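S.K.: For reference, the chains in residue letters:
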Amino acid sequence: MAAGEAAVDDGVMLVALLVATLRAAAPLILAATGELVTERAGVLNLGVEGMMLVGAVVGFAATITTGSHWLGLLAAMAAGMAMAGIFAALTLGLRANQVASGLALTIFGVGFSALFGAPFQSHPIPGLATVIFPNLAAASPFMQQLLLLDPLVWLALAAPFAVQRFLARSRAGLVLRAVGESAEVAHSFGYAVIRIRLAATLFGGAMAGLAGVSLSLAYTPMWTENMVAGRGWIALALVVFSTWKPHFVTLGALLFGFVTIAGFQANAWGIPVAPNLLATLPYLATILVLVLISRDRLRLKLNAPASLGKPFHPV
Amino acid sequence: MRLERRAAASRLMAVLAPVLAVVAAALGAALLFAVMGKDPIACLHTLFIAPLADATGVSELALKATPLLLCAIGIAVGVQANVWNIGAEGQFTMGAITGGAVALWLGPDGAWFVLPLVLLAGVLGGMAWAGIAALLRTRFNAHEILVTLMLSYVAIQLLGWLVRGPMQDPEGFNFPQSRQFEPAATLPLLFEGGRVTIAALFALLAVPAGALLLGRTLIGYRIRVVGLAPGAARYAGFSETAAVWFCLLLSGGLAGLAGVSEVAGPIGQLLPSISPGYGFAAIIVAFLGRLRPVGILLAALLMALLYLGGEALQITQQLPLAATGVIQGMLLLFLLGADVLVHYRIRLGGRAHGRGRSGRG
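These protein sequence lines map, in sequence, to chains V and D. Sequential numbering from 1 applies to the first sequence in this note's numbering. Sequential numbering from 1001 applies to the second sequence in this note's numbering.
Just so you know, the hints here were simulated from the structure itself, not pulled from any lab data. Careful: at least some of the hints might be erroneous.
[Said to hold, decoys possible] Calculated pairs, DMTMM-like style, for lysine to aspartate or glutamate (alpha carbon to alpha carbon, straight line, at most 25 angstroms):
(1) Lys245/V - Glu181/V
(2) Lys310/V - Glu1240/D
(3) Lys310/V - Asp296/V
(4) Lys310/V - Glu225/V
(5) Lys301/V - Glu1240/D
(6) Lys245/V - Asp296/V
(7) Lys1038/D - Glu1240/D
(8) Lys310/V - Glu1004/D
(9) Lys301/V - Glu225/V
(10) Lys1038/D - Glu225/V
(11) Lys310/V - Glu181/V
Bear in mind the structure is a predicted one, so any value in this text is a computation, not a measurement.
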């Protein structure tokens, strides 16, 4: 009997680990899926970190002021889109360099979120409610664990499927990919390259906003300065890792989620490593996967959108 | 309104665009202050004028401009070769760690050679940290933007661990900090009463050295060709690998020098946080200075003024320090926007000069 209980305990712990991994992976999946769509249209927006920070703080502030998590999510998406709009105005409108503009967007986002968030610093709020079948909670300890998953986690798990379907099966997705592969050809077929790239950039912004707010409303329900802590950059690396295929984004994000959680848990598991050193794990893992994927130049070249980062100027 | 490409880049606009960006950022800042319920004029005065009112202010300006200048010149040389080192913050931190380690280890000796070794260790630490990115880029094709940035986070965590672990001051009441460096391991002051050290001279020296490198040497020429026309560079036999290594080692070394100069200078010990984002602000400085050393000198002074003004705003106007970050960010965004005028002129109304097809954009 005791052995049976121990097995259940092990099982629950395993589920708990899976749940924690999913929760850590969700912001990465959301941000990377959005950036993937942006990049498939040929636009390289390095401002993901900045968009996530602004989404996180605006969504948090909106939730505190209105008392509604849903308005918070909407506000975060709008904020992410507004940031992406700045990037689009610079790169698509004023033809500025995409790399520099993305960096500028992140620098601006870091500053803006810190300023805007100063009054809300370390002010805890109830986390995003888990909405699925409260009655099941009592049924089993497994269910209890699964119920820790907030709606944004489910959205993050669904988003790559939706994006994959959109890109592969829909006409609009085909046009978007055409714009990313060869803007000139798409233009000569009569497609509005700039407008399509704008739409893809704004979608990336909305997803980054959601990714940010999933940190400040669900993952650790509070705002702390610079709380995104490089996840926007990791999401950018994930897009490269995925070779621009949505499902691999999920796979990579789960890997990172696990590395992050393993870092948190290491001391509990009796591995005596200083917290500061464990905190380096996700960044080192990013470098490692980047190296593993990038060394195959041919594969990267075949899969990357051919017009990625290249400006297009009609006339 | 539409954009019409200039036959050649406008030199006037290349100089004017940063000025326009500064003016626009100042207006943006005024708007920001007004939104936050402060008097915009008083705030702008505090930000741009008040810090320079006395000798202390000018000396603090030089103090803050020093690391910005060192980091930005390295970054700018890299960007000219299309090598994006955005992890100067990490190389800065690594330089502080390695230089600080030597300072803690040899400082008590008090010998004359301690300080040169401390500086050398700092430079090498920064170079090694950037060298990882160079190796991964040239050997494995991993993009230096992400690698240098990730390594920055790693370096900052590493410093956090060291000052709580192996390098912690045993008599420091368990505070996360190292021992104070001995005088033999500390940079001499440029003049009594200020905090500016001879590191400011290194930074000033980097300006003509950088200009000479880019304008008058074969290496500088190759760097610019690799950046402007990679195809032509390959055809001419200029190695991109060599350019990547050179740019990253140079910028890493300069950032390392900046880092060690901070801890062996005004800070005087290792702390968990040793930089208010100099490495990142240096990216703005590099662009604002048009990637040219002389321009970067002016831009570094302006950015240092923003840091000082930001601190003054916090004290006298109770504005969060983060306001500085917003103004810095606006500055770069406006600059990138204003740069359109270098290559294009704005035409109002119809398509007067119908060169080429009509466009949709």
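S.K.: Confirm or reject each hint.
M.R.: For each hint, the structure was consulted:
| no. | hint | in the structure |
| --- | --- | --- |
| 1 | Lys245/V - Glu181/V | holds, 15 angstroms |
| 2 | Lys310/V - Glu1240/D | holds, 20 angstroms |
| 3 | Lys310/V - Asp296/V | holds, 22 angstroms |
| 4 | Lys310/V - Glu225/V | violated, 34 angstroms |
| 5 | Lys301/V - Glu1240/D | holds, 18 angstroms |
| 6 | Lys245/V - Asp296/V | holds, 16 angstroms |
| 7 | Lys1038/D - Glu1240/D | violated, 51 angstroms |
| 8 | Lys310/V - Glu1004/D | holds, 19 angstroms |
| 9 | Lys301/V - Glu225/V | violated, 37 angstroms |
| 10 | Lys1038/D - Glu225/V | holds, 23 angstroms |
| 11 | Lys310/V - Glu181/V | holds, 10 angstroms |
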